[in-house]
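Asker: Next come the chains, spelled out residue by residue.
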Amino acid sequence: MAFADMLNIGMMQGFAGLSLFAVLLLMGLGLAIIFGQMGVINMAHGEFMTLGAYTIFLFSTLAESFFPQFTQSYFLVAIVAAFFVAFLAGWCVEWALIRHLYKRPLDTLLATWGVSLGMQQCFRSFIGPKEVSPTLPDWLMGSWSPHEGLDIPINGLFVMALTLVVTGGVLLALYKSRWGLRVRATVANRPMANAIGINTKKTDRMTYAIGCGIAGVAGAAFTTIGSTGPTSGSLYIVDAFLVVTFGGAASLLGTVASAFGIAQMQSISEFFMTGSMAKVLTLMTIVVILMMRPQGLFASKIRH
Amino acid sequence: MRDHASPKPRSTLRRHLMQGLVALPLIGLSAIGQAAPPATAVVNTTKLAVTDTEVTVGQLHSATGTMAISETGSIQAEQLAIDQINAMGGVLGRKIKVIKEDGASDWPTFAEKSKKLLINDRVAAVFGCWTSASRKAVLPIFEKENGMLYYPTFYEGLEQSKNVIYTGQEATQQILWGLDWVAKEKKAKTYFLVGSDYIWPRTSMKIARKHIESVAKLGKVVGEEYYPLGHTNFNSLINKIKVAKPDVIFIAVVGGSNVSFYKQLKAAGVTAAKQTLLTISVTEDEVLGIGGENMAGFYASMKYFQSLDNANNKAFVQAFKAKYGAKAVIGDVTQAAYLGPWLWKAAVEKAGSFDVDKVAAASVGIEFKGAPEGYVKVHPNHHLWSKTRIGQAQADGQFKVVAESPELIEPNPFPKGYQ
Amino acid sequence: MSNTDFVLAVEDLTVSFDGFKAIDALNLYVDKGELRVIIGPNGAGKTTLLDLICGRTAASAGSIKFKNVEMTRLAEYKRVRSGIGRKFQTPSIYENLSVFQNLEVSFPRGRGVFGALAFKCDQEVRDQVQSVANEIGLGELLDMEAGLLSHGQKQWLEIGMLLMQDPELLMLDEPIAGMSARERELTADLLKRICKNRSMIVIEHDMAFVAQIAHKVTVMHQGKILAEGSMEKVQQDPKVIDVYLGH
Amino acid sequence: MNKIKAFIDQRGLGSFLILAALILVVFPLAMDIFRLNLVGKYLTYGFVAIGLVMCWGYGGVLSLGQGVFFGLGGYAMAMFLKLEASDPISTKIQSTPGIPDFMDWNQLTALPLWWEPFKYLPFALVAVLLVPTLLAFVISFAMFKRRVGGVYFAIITQAVALIMTVLIIGQQGYTGGVNGITDLKTLLGWDIRTNSAKYILYFANALLLLGCIYFCLWVQKSKLGTLLLAMRDKEDRVRFSGYDVSMFKVFAFCLAAMLSAIGGAMFTLQVGFMSPSFVGIVPSIEMVIFAAVGGRMSLIGAVYGALLVNFGKTYFSESFPDLWLFLMASLFIGVVMAFPNGLAGVYTSHVKPWLARRKATQAKSQALAVPPADNPPPASPPPAKEAEVPGLIRAT
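Protein chains in written order, with the numbering used here: chain P, 1079 to 1382; chain X, 4 to 422; chain U, -10 to 236; chain R, 1283 to 1678.
Worth double-checking, as some hints may not be accurate.
The calculated lysine-lysine pairs, modelled on DSBU-like cross-linking and capped at a C-alpha distance of 30 Å, are [said to hold, decoys possible]:
| id | chain 1 | residue 1 | chain 2 | residue 2 |
| --- | --- | --- | --- | --- |
| 1 | R | Lys1595 | X | Lys147 |
| 2 | X | Lys103 | R | Lys1467 |
| 3 | P | Lys1208 | X | Lys403 |
I should point out that these hints are in silico values taken from the structure, not numbers from a laboratory.
Same shape as in the complex, but just chain P:
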């Protein structure tokens, strides 16, 4: 093979790793907040992503039927809408269920699993059991080809950019905003946070809803690279949990690092072996490392 070809493939493979990194990070981020910061094992995370994806579908259908002039531009609005739809749903779920369960983290797992079953059946009953395909703007679907033989997927670029924005936003919010301060205070010491006048209940609800909202954004973004159906969300849930756990649950930076590590591991091993074995190898590595280092890559430094 010519050197130029190898260079191209190398670059595209590097990009594949990066874009998988962005995907993993985006799906892990919401969970890192909900699971990492609050300790809620949100098994319905995938369904909140699906909710975001269906929001895109709704907007694309609306745009096609009523506002054909917006078919190229509705997407950005829809992503914001996806955030708010999932945010609202998360708000309700927190109010109805999660707030009663903060002292029983393992029970949040069962309850949210129930939520995820219910949401899946809702999608099936109200939207339909078949997959749908939102019509995406042309500018999103295609490749950017700087020179012959090198194709960079635009949807990959888009997801990366979005991930960058969302991650930046979350980091800023968590470390610079009042809300972030309240969240960190609540995580560090709930009774004390309460005592100094932080409304921890409100903070919890806000945090959970924001986590779900980010899941919605992730789901919306994934319509460019994946399927939209009642059970699409379940494809992501285990990966999302592993990303967060592997990174060290309480550390947002850890989530970033672990998403990067897992993405590179998987994407490189996939290039050299079959997809199934690559998956097994990646998962095994994660499990073995977690067995050796259960606190994850970046442990939170709290004295127990």
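Guided by the hints, dock chains X, U and R onto chain P, whose structure is given.
Answerer: For chains X, U and R alone, kept in the frame of chain P given last:
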């Protein structure tokens, strides 16, 4: 589920017309209009659920779970066929009553429900299953309890049972002619095979590889890759394909993975303009999820496409849309599922009995001229003689039929030389 | 180093949390049969010291020798089995179990998985439980659920659970916290009785109580030992007065 | 008389005997063989459920990977049965007769070496018990020694379930892939598909389950059981009483794994096949819900939970196929929110006091001489028992 649970026929008159239209080519298929239905004691010697006015059949598909995406079409098509048969007076003068069971995308549940249908409900026939795994799970039960299963999906072959009629194509029927066509039309020499990691794609690829490399000597396989079910990231695979630079990518990826695969393929600049791609796993149903614009120009090898231009099919499509809405699409499996009740009806009437042994024996040689795909005939190995077609995906989600095998292809579930 | 005489010899012990040295190059020697009381202001590192000795916290550097055997690398349960008993600050008993069961599970037999499966509550166990229960004043309450005991009784029960194991070194973290005056007296008597044939380390704030029981007092401050000696000597030490009253 | 009564009261034998009567007498009399076979299948989940009571309820270790052990036990049994079903005569249609059909489809021409020992039933039985237990030991030993918290352990077991599924499906030449190992016929020449065989297997299964429950009751009553309870409450206290706490957790997890594996093997025998759809994440979580519905602290309750959830699933999916997922969802949520101790909890906190009250009023009306003070306090369950629930979960 709404669309199939609460069908809203627009106009009863139109629907009847439609059914009549479908029924037209059926005249002559069997003796219709017998004066009085034969006595139940005569047509049912094995204690099946048959009364003087009714015959009970089962329908066993996944209405929930991951497979509901695929199986919904089959559920609808079977129901349509049964409604049409009932509108024509039923089978041996008895209306068909359906017991619906949900296999819930879970193979043990399929086994449990099939036991229930056969042992408790004593149904005369079951229309159902979609995945190979669910069929494998129920097969011993059908053989043990002597039931009759009409299985609609194209599948890997390597199976033949007295108790099953396979209304979809087995692998060689679907694959070989398609490969020959692509080799001839596209002058393809190198092939890259990609599948989901389970039995059907693996067997299909095995057959394809043998065909390409040793039987028909079409060229060379330059890559063969399998991904776990539900895999969503194909960028590394696409790079592998780019390294291998095959003339043809031959695909058997299923489920949600399909969508990811084609979207990412398009995003990586692999479009129909630059690359020939032949799939055996994408029907009109899957295109709904993938999006026509992401598939446009690629080829699929199937026995049926919704756009097939013949009178039977036009009537079928119209009746289907009348029942399930104008947006409903019909894929290969949906059509094959539609054949099930009709083939069963013909076999029962030929046998003059609902008894499974007699129906199974009578099934061989049954012809069905009213099939939307054209003419089909049951082979002694219980598969169907059928044609294979190449469809080219269009942006609107339909396929344009660009080629059709001149003759019916013989089903060959245990192909010599391909093992 | 010849420290064969000491039951416990802690040398150059250091532990740091993210650079903060909670215990800083500390030396401590405890004699056989000695009742040592450790006092010091909050955050001096008293509880951390006990944690280090019993293995709840891992040391960053230094050595802990118990009966001349190095402990720093041993797992907690092995330290316990070699004869170190530890009572926690808040009463740590099994609230759902009865007093009898609380004492019974502390009996040092059947400590492995299969040993515990095969364990039989025979006469020896019952006798031991009864005598310890009498010792701690709960002899009449064996069938009561431990969660229903008063705070003081819970503290005693935990001490009793340790006595079941007959440890050579008993470490108590604020045993009289939250007790009434009467209970304090009883506890003082109890401690005096049980220290007959074992060494003890007690953390305490109540100076009257300390004076009542201590053989020797160690004053800790900022992870180091500030002073050591008899109660009177320590009380007059200007450094100690400075730490407690100054600033 | 009083002695017998005391004997029954002790170890919760009363409810044990009721369960035994139900599954050994009432069900076989009341049901046809089809339904009974279904109950037999549900009872195999009962093994998993009581295992979860031991490791989750008692040990505080929630495993989301019980399906792995259920599957391993089932596969070990299925491998033996499959080899017996694949004699050269009945497989003569294959290119290599004498090996399982799926191997033939995957172009294997000889039996893989590690399949060889599964020709012998004793080996297969030992494998049923030991392979899952060893795997459980390897997973849990490393993790509990390093004090991995309950939540992380749950997630890692989930990852193990995923790995196992991908492996089984990916290595289909050796495992039968996504189809699993199907079409099992005989056990040492005895046709397991006949009705009489199904009856026998049902009773064997029921007795085995009762035996396992009895064994678990014994474990609970042993010092080990007390220690497990104690650990849930004050883990540090147990540790500093000289116990190697991690080994007790390992034991609880291994015991649960072994019980699941027995269930899996019995499942294979009664249903006639084994497939990776039991190994995955979804079935593993469903198994947890069996225990949760029945009561995570009650062995007997867990069996009822497994029966009830599966009856519900069968009934609702037959009667309201569109609604049953909603019902499952509400079951999950309802149990967690309203009845964290499951059916058994409802029984101890509502039914039992009510019964006692009734008994009391009856006794009062019959013999006014009995002073009311002798009656158990009505309607107020002991507060400490109630407090068990949050305590248990915090301890994980």
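Asker: Report the numbers of all earlier hints that the structure fails to satisfy, in ascending order.
Answerer: Those not satisfied: there are none.
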